[in-house]
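Which chain is which? The protein sequence lines are A and B, in order.
When the letters of the first sequence are read in order and numbered with full-length UniProt numbering, they come out as residues 1 to 136.
When the letters of the second sequence are read in order and numbered with full-length UniProt numbering, they come out as residues 1 to 527.
Simulated from the structure, these hints should not be mistaken for lab results.
Since this is a predicted model, take the numbers as computed values, not measurements.
Each hint should be verified, as a subset may be incorrect.
Simulated restraints, written as ranges between beta carbons of each label pair [what the hints assert, rightly or not]:
no., chain 1, residue 1, chain 2, residue 2, range
1, B, 265, A, 122, 52 to 60 Å
2, A, 102, B, 16, 34 to 42 Å
3, A, 34, B, 339, 20 to 28 Å
4, B, 366, A, 35, 22 to 30 Å
Where is the CB? At the ideal position from N, CA and C, for every residue including glycine.
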Amino acid sequence: MWALATRLGLRSWLGWRRGFTSKADPQGSGRVTAEVIEHLERLALVDFGSQEAVARLEKAIAFADRLRAVDTDGVEPMESVLEDRCLYLRSDSVVEGNCAEELLQNAHQVVEEYFVAPPGNISLPKQDEQEPFSDN
Amino acid sequence: MLGRTLREVSAALKQGQITPTELCQKCLSLIKKTKFLNAYITVSEEVALKQAEESEKRYKKGRSLGDLDGIPIAVKDNFSTSGIETTCASNMLKGYVPPYNATVVQKLLDQGAVLMGKTNLDEFAMGSGSTDGAFGPVKNPWSYSKQYREKRKQKPHGEKEDSDWLITGGSSGGSAAAVAAFTCFAALGSDTGGSTRNPAAHCGVVGFKPSYGLVSRHGLIPLVNSMDVPGILTRCVDDAAIVLGMLAGHDPKDSTTIQDPVKPFTLPTLTDVSKLCIGIPKEYLAPELSGEVRSFWSKAANLFESEGAKVIEVSLPHTSYSIVCYHVLCTSEVASNMARFDGLEYGHRCDINVSTEAMYAATRREGFNDVVRGRILAGNFFLLKENYENYFIKAQKVRRLIANDFVKVFNSGVDVLLTPTTLRGAAPYLEFIKEDNRTRSAEDDIFTQAVNMAGLPAVSVPVALSNLGLPIGLQFIGRAFCDQQLLKIAKWFEKQVQFPVIQLQELMDDGSSVSEIEKLASVSLKH
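Build the full structure now, drawing on both the sequences and the hints.
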């Protein structure tokens, strides 16, 4: 029963993605195409969820485009404000730990001392696939 | 007693005028009375009472640990606290109980501080209103103050009593409200783009952001690794200095803390400002700045000048780009930092089990709100191969330009910069939510986030009440690692402006008469 519900849940989530493009938004940059949406969703493993989210991303990109106006010729990127200092890593010696039970308590699905994960190496279904998977 | 400064209460505890348990219980009862503020997500009553008991034993033996022993404090809910739920106001971490304490929390506990609870925030510290968390928005205690209500009566309004409540600012709104409402004497916040200073200004408390690298970030659930710092919220500058003295210093568990030795210090009192040079950045005179804030800013500058300090106009030319730069760097680092939330080892997990990818995706959809998801997606966009150079690297270059602006100004002899903290006083919630989170953050962080880009220390000090009876704060920005000097100047300024104490009479009425409260209120902040 839950398997059917799961599949329906997945499908309805995927359903809105179909035929989903960013319409020309006067405030947007038109950069968020259907391809980009799919690509980002796969990379981030976070879905847009609505047309509004796409519009928001468009606005965010348009906002970021303002950086082009700055002349950065010859300027090195700054990764950290502490770049002029020596920062040290601590020595690689074990001083604490031994709390496997405590850590396992925070996980939902655990078997003995393993975290249980669903099968991997199955990519998310593409936008146009009707039936994503067959259940075992 | 609750209206006093940390130092005064500490003295009272040492002299036996009040016991840690009594103090803890007073705070707990006030927290219950102010529950409608929604400042706390978790109130750790049992833990607090136990800690208070232990502190009491120490005081009886005459072996108190220091100025913080027995003092009630609160911690923002994105700091890990062992055995106490830490949620970051997100569905993703509901029910998550960390197995360890953040270094700053541990340091406070080692000094005997009593942890009252975990305070509310914007989800994952993303926002400038403390309105977007999974546990609801935080209400500004000033909405219920005599000062604000009296001004409101003069204006015609047909709304219900509580519909016009004000936001606290964010994202450390819960911490600011907790301190402002007297439920604790100090609170930890975090500051990535102004998240400690913004609510401090709106709630009329002191919000201090230390230099990046001074205080350990171990245990602070990260937002932007290159800009986050733990922030300190207190009712006066001296208290913030006391807390900083306990927290600063190298932490082997955080390799971004500097190695220089740091000793706890007593903040010296500055009496002569004539040797100081105060810088006023002209680009901070934004058109959106409210007339009132501008006038307070101007008065503050005149105050320094009249006392003999040199007050000069300086330029930070890349100011207008700093919010854009912050937007790109923040979303990019967020995209990376939020990747750890996949439901496998901790946090929320969905019911889908067909594949790891599907499980991660559904878990993250259910766990994160729109704001977080929006930033993750934007960040991932900027980090795409084809965009990396044009957005992320470009933003890093602009960051250097912004940091260099500050370096140039400080090298020219300026000791400290004086700027507004916010554009105006706290907004009503119904007004605030008319625009989305990103727009609001871009507006509200305008004076505060350039400081995070450069890693400098900054402090917001409450100055005066606006025409509406709401607190306005001004910000001082210091040189990197000159936090003590910055606080010294802020303390002098605080003494000059004598910011009024919030009058929350109905709430404080636990048997004490009104005149007693007024007496206490007049005692505090004058030392």
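Comparing the hints with the structure gives:
| no. | hint | in the structure |
| --- | --- | --- |
| 1 | 265/B to 122/A: 52 to 60 Å | holds (58 Å) |
| 2 | 102/A to 16/B: 34 to 42 Å | holds (39 Å) |
| 3 | 34/A to 339/B: 20 to 28 Å | holds (24 Å) |
| 4 | 366/B to 35/A: 22 to 30 Å | holds (26 Å) |
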